[in-house]
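*Asks:* Just so you know, the protein sequences line up as chains F and X, in that order. The first sequence maps to residues -2 to 110 in our numbering. The second sequence maps to residues 35 to 151 in our numbering.
Careful: at least some of the hints might be erroneous.
Derived, one-sided and incomplete: chain F residues facing chain X with beta-carbon distance under 7 Å [to be verified]:
id	residue
1	Ala35
2	Gln38
3	Pro40
4	Asp83
5	Ala85
6	Leu88
7	Gly104
FYI, nobody ran anything at the bench for these hints, they're computed from the structure. Note that the Cβ used here is the ideal one computed from N, Cα and C, for glycine as well.
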Amino acid sequence: GAGVSQSPRYKVAKRGQDVALRCDPISGHVSLFWYQQALGQGPEFLTYFQNEAQLDKSGLPSDRFFAERPEGSVSTLKIQRTQQEDSAVYLCASSPTTHQPQHFGDGTRLSIL
Amino acid sequence: DQQVKQNSPSLSVQEGRISILNCDYTNSMFDYFLWYKKYPAEGPTFLISISSIKDKNEDGRFTVFLNKSAKHLSLHIVPSQPGDSAVYFCAASTEGYSGGGADGLTFGKGTHLIIQP
């Protein structure tokens, strides 16, 4: 497809398990962003990549959160030793450069039991 | 501390009338503002943006107004249509024309717009 693709759409995990969320940005988009959206809130910034370089990770809530984009295209957000407060929708967005509006995927809804 | 505030959780407007959604911000470093529309179970969809050097930007039925001195922006939808029923998010950036730059976007909590037939 032409848009940002995220998988899985839904993920249920037990507390303490590790999870990996995938984002396929729009082809050719240099910039990639991850956001976390809790119920009833707006998306909150987690981290930003320009190509393969992670230029900003100031929004990652703890060292259990890790993101990578090794070849400057697909990105993975990994959460280790999940906790109930990690339950949220995780949104990925991409833009052609840093001077264009971001286009969002439909998100991964993560539920930690 | 919320840097972008949308004080109306919901707004109901009759079809054909004007919808006005409001947004206030506190960070004077913000210089680029965007509106996104979101349907349930979908990601936000970009609607319209405005940079701080302008006070108005128009795209079809959508117009965004920026009042820098008041740190306030608004989205006008004229005429409102049933398909406009969605949650609208105001977002801001400090990177100037970047729509996110290196800092990411700061979002409000959203306003649920309901268009009544």
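*Asks:* Decide, hint by hint, whether the structure agrees.
*Replies:* Tested hints:
1. Ala35: Hint violated; F:Ala35 Cβ to chain X Cβ min 10 Å, cut 7 Å.
2. Gln38: holds, 6 Å
3. Pro40: Constraint on F:Pro40 satisfied, holds at 5 Å.
4. Asp83: violated, 19 Å
5. Ala85: Violated: closest Cβ of chain X sits about 14 Å from F:Ala85, beyond 7 Å.
6. Leu88: At 6 Å from the nearest chain X Cβ, F:Leu88 passes the 7 Å test, so the hint holds.
7. Gly104: Holds: closest Cβ of chain X sits about 6 Å from F:Gly104, inside 7 Å.
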